[in-house]
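Residue numbers (this note's numbering), protein chains in the order written: chain A, 150 to 504; chain B, 150 to 504; chain C, 150 to 504; chain D, 150 to 504.
A portion of the hints provided could be inaccurate.
No copy labels: a pair is met if it fits in one copy or bridges any two.
Claimed, not checked - SDA-like, lysine to any residue: derived pairs with alpha carbons at most 20 Å apart: (1) 188 with 364; (2) 248 with 460; (3) 455 with 422.
Hints were generated in silico from the structure; no laboratory data involved.
Note that the coordinates shown come from a computational prediction; the quantities given were computed from them, not determined experimentally.
Residues per chain are reported as follows:
Number of protein chains: 4
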Amino acid sequence: MSSTVGENLRLTLFGQSHSPAVGMTLEGVPAGIALDTGKISSFLARRAPGRSPLSTSRREADLPEFLGGLCDGVTCGAPLTAIIRNTDIRPGDYSLFGKIPRPGHADYTGAVKYGGAGDPSGGGHFSGRLTAPLCIAGAVCLQMLEREGITVRSHLFSLGGIADSGDITKDELCPDFPVLDPERGRLMREAIEAARAEGDSVGGAAECAVLGLPAGLGDPIFGGMENRVASVVFGIPAVKGIEFGAGFSVASMRGSESNDAFARDGDRVITKTNNCGGILGGITDGMPLVFRAAFKPTPSIGRVQKTLDISSMSETDLSIPGRHDPCVVIRALPAVESAAAFAVLDALLGRKKEL
Amino acid sequence: MSSTVGENLRLTLFGQSHSPAVGMTLEGVPAGIALDTGKISSFLARRAPGRSPLSTSRREADLPEFLGGLCDGVTCGAPLTAIIRNTDIRPGDYSLFGKIPRPGHADYTGAVKYGGAGDPSGGGHFSGRLTAPLCIAGAVCLQMLEREGITVRSHLFSLGGIADSGDITKDELCPDFPVLDPERGRLMREAIEAARAEGDSVGGAAECAVLGLPAGLGDPIFGGMENRVASVVFGIPAVKGIEFGAGFSVASMRGSESNDAFARDGDRVITKTNNCGGILGGITDGMPLVFRAAFKPTPSIGRVQKTLDISSMSETDLSIPGRHDPCVVIRALPAVESAAAFAVLDALLGRKKEL
Amino acid sequence: MSSTVGENLRLTLFGQSHSPAVGMTLEGVPAGIALDTGKISSFLARRAPGRSPLSTSRREADLPEFLGGLCDGVTCGAPLTAIIRNTDIRPGDYSLFGKIPRPGHADYTGAVKYGGAGDPSGGGHFSGRLTAPLCIAGAVCLQMLEREGITVRSHLFSLGGIADSGDITKDELCPDFPVLDPERGRLMREAIEAARAEGDSVGGAAECAVLGLPAGLGDPIFGGMENRVASVVFGIPAVKGIEFGAGFSVASMRGSESNDAFARDGDRVITKTNNCGGILGGITDGMPLVFRAAFKPTPSIGRVQKTLDISSMSETDLSIPGRHDPCVVIRALPAVESAAAFAVLDALLGRKKEL
Amino acid sequence: MSSTVGENLRLTLFGQSHSPAVGMTLEGVPAGIALDTGKISSFLARRAPGRSPLSTSRREADLPEFLGGLCDGVTCGAPLTAIIRNTDIRPGDYSLFGKIPRPGHADYTGAVKYGGAGDPSGGGHFSGRLTAPLCIAGAVCLQMLEREGITVRSHLFSLGGIADSGDITKDELCPDFPVLDPERGRLMREAIEAARAEGDSVGGAAECAVLGLPAGLGDPIFGGMENRVASVVFGIPAVKGIEFGAGFSVASMRGSESNDAFARDGDRVITKTNNCGGILGGITDGMPLVFRAAFKPTPSIGRVQKTLDISSMSETDLSIPGRHDPCVVIRALPAVESAAAFAVLDALLGRKKEL
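Isolated chain A (complex conformation) (with noise of 0.2 Å):
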């Protein structure tokens, strides 16, 4: 269904931008766990609209509360809820877009879907809201994964047409903006700059590497390390295209180029190359598992754009009042790692079902 996700461990998100709460539950979470719930609010934090003059001036506290699934801050084996309260609602600025539809929302193909019946306030249940308890789901699962010597990273692999540079399973991320080159990141937010200048948005693509993976995660076919994560990641709103490893590009390598290499390091099995991603046939390889994720600029624009008035089926002009995030891709970035972690998890949770 819409809002579930996962086989082993299983997310359902819930609730609305402008609801009263919006939340999640995690089936699946093995007991026994000792949570850190300060760092699920750090993790929170960067994902958080008003931290930045570089985000939308929405602010909220965003600080979960845990209705079940904890006993004393640890995990006892029941389904793991938390919910964060909506603070600043206000339904009345959404109001018109059911009759004139914001060109890149969902108002349109809502309205055809719920028959007019939907939330279309601030984007309902597909409003990037909704990746704050994908974030809670996802610092949980990190703090999983941790203990079993997985670690999840990202940074903007490019962002309004400007490329990062270095690699994402070695180098350091800067301190103060997610990138790996601090000269691309400034160029990257003086593009931000410009764009806000002209009520416009900039689109962005996320790298992100899951390191210390063990080989044999997940499953063939419609199980596969690709699918898993590709399933999560597309709920993030905004994701138009995701690719593992040399992605796209290996559609225009030899295979005598594309194949990695098995080789040693020590007694561990390697590749001297890592295009695939660190999955073959779906499982991991025991290298990096390394994805980069396409988010179309934010669809929330001052700037005059044509669309369709339907009601009278006429064409107008909307301009979208209010201050708007001229940038998505940043404070996507703990989503991205979220929905990596989620998939990482859930597949090494499977890999226990033996006799």
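Given chain A's structure and the hints, the job is docking chains B, C and D onto it.
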């Protein structure tokens, strides 16, 4: 699980490359649909090996036998199961690869996952052979979609670095090669022949469009059309990336450029551009659903490659004997169409879950 | 997984007896249904403790708060999530039972399953408290079924060895006690009082009927109405058996006796008897769907019981302090109706999956 | 969906009574398990018709052919698929029943569900024939359970009103008839013969015990062992009730009587009685898991019955020609054991999902 996908329609693939048969079960097919088995066979013929000098020499008739779910050629509501016998089985060819894994194949990851008990012959359950039952399912889904006025088409978006030109939503396919531009097709064939002559292989990308879709299909978050299509498409071996609409190029766009303006075409709501690939918020908007999938080059190549002998942990040279298919993308096109057809029909059946 | 059930409609329960809240998420609810929250509260009041001298003294208002899925009281298609705060929490009462498990409770099995990390307070996630969110879901489903002309009713089929008399598909329920025959109800109440006076408890059986069902709901084999109803009903604590129609008595019948003869009633197809409980081959036949569920006596009793101190592996006496509900069946009736309503609505939504 | 069940292990049944074959796919079977196909055939022989004068005259060899998932008799981790050809097909026998539905069969409900397009022959996908592939799956699961020291056994708890005596968890089964008490078995056989002589049939109940189970299997709420076992057992045609441990008799007990006192047996935790059937809170407690399933009498009887001609809506007499199995319970015992074995193995594999 690994070999099952779908929500309202559930597809299970079974069999291995060299087991007695491969097959599929499709649950949730409505009763009373007359299936044209001739069209199913024709569709399967498009992926069959041995039909052209450009592909592998393994020749199999690939005529499906329906074991259940059909009464006098009409679906009866019971699970639809069909199998294809594996007649050209040479398990002896593959015993080596458990010890000396082929680069780019699942030999190593399968060995780790199954503790050495996996089926190494011909890739086992990881084999491209499993796209044959996927195509049976696809052929069935396509016939049901046609009754709803929905069609699916695909072409080689690129191959060996050569891009096709044209618009898959509008232009005609060439009669003898699945491209829109015959000159580009000629160049692609040359690239394949060149790779074959050097004992090498080439990658490529498939582009697929679903036409005639109503608006309102799909679900928010994890039930979006992107998630659904990706979940199936990554079940096709060698796929390393998928993108919808403008795909990765949205990462370099401004919002004013990527937003598709709503407009009217008679009494229909359309968008003037289709950067979103017919999907907004995971839901179809009534425009063509367009996506591309990147295929890595066939990993089986005649050229000598470096790999590791796992038993001795020593690096070694590997030369894979036999004739190989230098490009899997051509034969994969019906599998891509099948994945799209399955995902769309699944969503379409789900739309009818109303009171 | 443990806390989720359903196919077209998916219900997840979360929370523990003494966690901050219990709640439920119901996915797949069609958009545009106006919910009467007053009726939901009235329905919940039927299961609430503390309403009668016959049940436990724990008193909670049990007013659900909807966190998502509702807009101005109308479903919007997003997952419907509601919670009830746990206001009367005394976790200290239960610390003992991890070491000295109460007979008939999940103290021991939970401790084994969760390696000692489970939540022992009040039964944790195993608690009868979880029937509160089940009843929220049930109340929502019942309102949707009512729009389709389908109603659900139940009575105490037996309690403490005293059988009710009458026909639940036709007769009126007594106003003050959920039986058809007031004299049998009086005897049942006496049985409860007698057990309470002795620090003991009584078991009972609930009978439930779903009226107004169309023929054709459900699926063959594992998707039969029996499977669907049983999957949910066994989610109610203390249920140890379920039977449909004539149930276990069919085992002593001849075929000529148990077969329900088809007949007509005006232009409707009916059966002259209903030994099959309205289900043939797993599919509804248009007659009332009738089933009974057996409830064991409340395991918490004041009388001294034998048990084992797990820490020392020595047998010991246990006396469970506090007031206990000497019969859970009465309060379980709305949970049984909820289970039936959920299973039927799930099947009904599935029936609409057609082209 | 209708024909699939399971969580960690997933079973799909396919085929109809008179389709080319019936079969099953079992996903999630660990790799590296050597299967004894002779034992599978012997197990299947227990449910095969035509083996005794007491059952139907349809004779089929029922030798399964494994199409995938096995390499040299050892599971390879791929889905395990096996089929049995239907060799004794007489579809002509059943054309009448679409118009004049047989009482107690799914003729009418199937016709409504599938809009007349269902497969009426021999009950189609509703047929008891589908217990053959269920038994293949069961035989496979039983072999895996045996490796864990877990065994499953069953007997005729009652038949035609005659109860067996003895304790299925301890006593030996008779060699020639599946009862514990040979004298009761003799009476049961007489009851069957008497029914046959009158063109009638008898019902019965099966009792099944799973021995050697560890404590801690299963999950709370909807994942309890009762839910899991019931979900599969109701997939066997003709089952109208299921009860665990003391079952429906708990409804007449006091808590002090039904509560099973914990005690020790050496260093094992046991209970002195087993009214809970080895399940507390849905989780196994290490005692035998015991349940009973009620089977209605074979609905196909030679005696003239009343039914309705749907085409004319007039009541009519129906006499079902041919020889019929006057009691399905005997042949259903391996199906009941299969259901138990599947549910237990599924839970066992799920227990291993830990970090």
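Against the structure, test the hints numbered earlier, and report the numbers of the ones violated in rising order. Violated: hint 1 alone.
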